[in-house]
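Colleague: As you go down the protein sequences, you meet chains W and A in turn.
For the first sequence, position 212 (counting from the first letter as 1) is numbered 212 according to our numbering, and the numbering increases by one without interruption.
Position in the second sequence (from 1) plus 1000 gives the number in our numbering.
What the hints contain is simulated information worked out from the structure, not anything from laboratory work.
It is possible that part of the hints are untrue.
One-sided and incomplete, this derived list gives chain A residues near chain W with beta-carbon spacing under 10 Å [said to hold, decoys possible]:
{"id": "1", "residue": "H1062"}
{"id": "2", "residue": "F1074"}
{"id": "3", "residue": "L1164"}
Which residues of chain W face chain A? A partial, calculated answer using Cβ under 8 Å [unchecked claim]:
{"id": "4", "residue": "M43"}
{"id": "5", "residue": "V50"}
{"id": "6", "residue": "G82"}
{"id": "7", "residue": "K84"}
{"id": "8", "residue": "T85"}
{"id": "9", "residue": "K96"}
{"id": "10", "residue": "L97"}
{"id": "11", "residue": "I99"}
{"id": "12", "residue": "P158"}
{"id": "13", "residue": "I160"}
{"id": "14", "residue": "L236"}
{"id": "15", "residue": "N260"}
{"id": "16", "residue": "Q264"}
Calculated lysine-lysine pairs in the BS3-like style (CA-CA distance at most 30 Å, straight line) [what the hints assert, rightly or not]:
{"id": "17", "chain 1": "W", "residue 1": "K18", "chain 2": "A", "residue 2": "K1159"}
{"id": "18", "chain 1": "W", "residue 1": "K244", "chain 2": "W", "residue 2": "K259"}
{"id": "19", "chain 1": "W", "residue 1": "K47", "chain 2": "A", "residue 2": "K1084"}
{"id": "20", "chain 1": "A", "residue 1": "K1047", "chain 2": "W", "residue 2": "K49"}
By construction, the Cβ of each residue, glycine as well, lies at the ideal position given by its N, Cα and C atoms.
There are 2 protein chains.
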Amino acid sequence: MTFEVTILGCGAAAPTTKHHPTSQVVNMHDKLFLIDCGEGSQMQMRKYKVKFQRINHIFISHLHGDHYLGLMGFISSMHLLGRKTKLYIYGPADLKLLIDMNLKASNTYLDYEIEFRATDSKVREMIYEDKSLEVYAFPLKHRVECCGFLFKEKQRKPKIEKELVERYKLRPSQIIQLKRGEDTVLSDGSILPFATACSPADAAKTYAYCSDTAYSETVIENVRNATLIYHESTFLNTEKERAKTTFHSTAEQAATVAKNANVQRLLLGHFSPRYTSDEEFRDEAKTIFENVELANEGLTFKI
Amino acid sequence: MTFEVTILGCGAAAPTTKHHPTSQVVNMHDKLFLIDCGEGSQMQMRKYKVKFQRINHIFISHLHGDHYLGLMGFISSMHLLGRKTKLYIYGPADLKLLIDMNLKASNTYLDYEIEFRATDSKVREMIYEDKSLEVYAFPLKHRVECCGFLFKEKQRKPKIEKELVERYKLRPSQIIQLKRGEDTVLSDGSILPFATACSPADAAKTYAYCSDTAYSETVIENVRNATLIYHESTFLNTEKERAKTTFHSTAEQAATVAKNANVQRLLLGHFSPRYTSDEEFRDEAKTIFENVELANEGLTFKI
């Protein structure tokens, strides 16, 4: 089953010729979820062939321009392209005011409904759920109200060996019994043990998005044991003081979060353009945590 | 002296891989003026090496997203890049509310001042003047309040032949006299006629920006005798009815404006992506008016 994230933009603040402002698409079993939507995100979606209308849920972490200024254009384009399906947007309460004001100013009446849910940057809460996924918003530590997002796959049931279903002509009730972890009695009276019939499903995976944020123990608690975390590393350790005053992180701090939270892999992004090469972020993080990858526009990371 | 316009975007409504939303930069003697600022305009400026901080005046025609959604990002980037110089923005009154609301939401205090002047889409009025240029806003005919902009070079004074200044050792007062169009008396008592000493300056040039608009007689009056007009041609004549209901123009209508206003050259833009080739717009316009050019991203047109 697909569970992956595609980077549309991973630069910090002002766009450069090297990086676009923040945006990424999580693909969970072919449902698409957009996280943040910096200016130009819709052009990036076109470039990387992300299907606009397959996105039904948009999560905005905070109201700094590089994380939301592409949202109105995207909302407008979906309308112009004939969208009728409801769109769910999750973000700070003021975002709703901004959307309404822009629609009013342009005298636009959307052909689809927007359902807005205000996030609360003070608590962890589940904001979305379907049969295979839960999404949580959790507090980040930034200059304005800011939430991270945790995409938590639900644990799937054990898989039955198909060959056994046919060999023993298992009835649906027996299959359900086995998937519950119980043994079942076959038609000849013998017992088919659960452990023989089933192999465990893959462990449920989680993806955590942490941008923008200063180093925070709360973040560590919220992303504990994640399969993959995207953690901002706007700066290197040489700018540690600047990271502190601007409520951003260094690559070393991002790696410390990854290490202390016992995550499997760390994906760095939100790179300040002041450095010559993004590789400097990886080098710094690797001194703390081994499994480090660098975000870049158009790259897809399996979770 | 430089007087030219560079196209940053000339597509209609939703951005495509072919065209960016509307934005263009007028260069008048190395002062830069931005007209409209669709999403991604700042990235286009970077791509075409337009110096952000040389722009002190921004003119927004109307509040449809494809004409203004790049403005907040541009305002923000100029701040992040250290701007201190006052920025003048001209546009519909609601634009000021949107700017203020975005700045408040992101808790941003700009290091430079914005002076906003609301345009009035009901009248023609001069909204900017310096020693070599006047800019007028004038009514366009669109679904929302919308202004065109006329960049009118001031008529320069006649040029004195330098060689004559040296030969007759002309004093500054005599030069001023000649430039006023009067003859002057030389030191030997003879008369140096104005017509001998001076050659006329080039005729003052004008550039008119007309987007978005339905065909309008008012527009014709406002752009009369312009050197170059940019007129939207969202549609071809096959979509004439659609052009009418959406308050846009066809290429034929744009050409009719150019012809009836006796302008020198017509620049078409705001192309709907429904057509195979932009050349179709030129072909249609040329049946009415000869001097037609097609806007395209990165192209600069001398005025």
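Colleague: Each hint should be assessed against the structure and marked as holding or not.
Modeller: Cross-check of the supplied hints:
At about 8 Å, the closest approach between the beta carbon of A/H1062 and any beta carbon in chain W falls short of 10 Å, and the interface hint on this residue holds. At a threshold of 10 Å, the smallest CB-CB gap from A/F1074 to chain W is about 9 Å, leaving the interface hint in force. Annotation: interface hint on A/L1164 violated; nearest CB of chain W at approximately 51 Å, more than 10 Å. Against a cut-off of 8 Å between C-beta atoms, the interface hint on W/M43 holds, since the closest Cβ of chain A lies about 5 Å away.
At a threshold of 8 Å, the smallest CB-CB gap from W/V50 to chain A is about 13 Å, leaving the interface hint violated. Taken as an interface hint, W/G82 does not check out: its beta carbon lies about 11 Å from the nearest beta carbon of chain A, beyond 8 Å. Of the supplied interface hints, the one on W/K84 is violated, with its beta-carbon coming no nearer than about 16 Å to a beta-carbon of chain A, more than 8 Å. The closest approach between the C-beta of W/T85 and any C-beta of chain A is roughly 17 Å, which is over the 8 Å cut-off, so the hint fails.
Restraint check, W/K96 versus chain A: the minimum CB separation of about 11 Å is more than 8 Å; hint violated. With its C-beta approaching chain A no nearer than about 7 Å, W/L97 sits inside the 8 Å limit, and its interface hint holds. Interface hint status for W/I99: violated, as the beta-carbon distance to the closest one in chain A is roughly 11 Å, over 8 Å. The beta carbon of W/P158 is not positioned within 8 Å of any beta carbon in chain A (closest approach about 46 Å), and the interface hint is therefore violated.
For W/I160, the suggested interface contact is broken, since its CB lies about 46 Å from the closest CB of chain A, more than 8 Å. With 8 Å as the threshold, the beta carbon of W/L236 stays out of range of chain A, its nearest partner Cβ sitting at about 19 Å, so the hint is violated. Contact between W/N260 and chain A, as hinted, is not supported at the beta carbon level, the nearest pair being about 29 Å apart and thus beyond 8 Å. Of the supplied interface hints, the one on W/Q264 is violated, with its beta-carbon coming no nearer than about 34 Å to a beta-carbon of chain A, more than 8 Å.
For the hint pairing W/K18 with A/K1159, the CA-to-CA distance comes to about 48 Å; that exceeds 30 Å, so the pair is violated. For the hint linking W/K244 to W/K259, the alpha-carbon distance of about 20 Å falls within 30 Å, and the restraint holds. Taking the CA atoms of W/K47 and A/K1084, the gap is about 35 Å. The hint is violated against a cut of 30 Å. With a C-alpha separation of about 22 Å, the suggested pairing of A/K1047 with W/K49 holds against the 30 Å cut-off.
The structure is inconsistent with the numbered hints 3, 5, 6, 7, 8, 9, 11, 12, 13, 14, 15, 16, 17, 19, although it conforms to all the rest.
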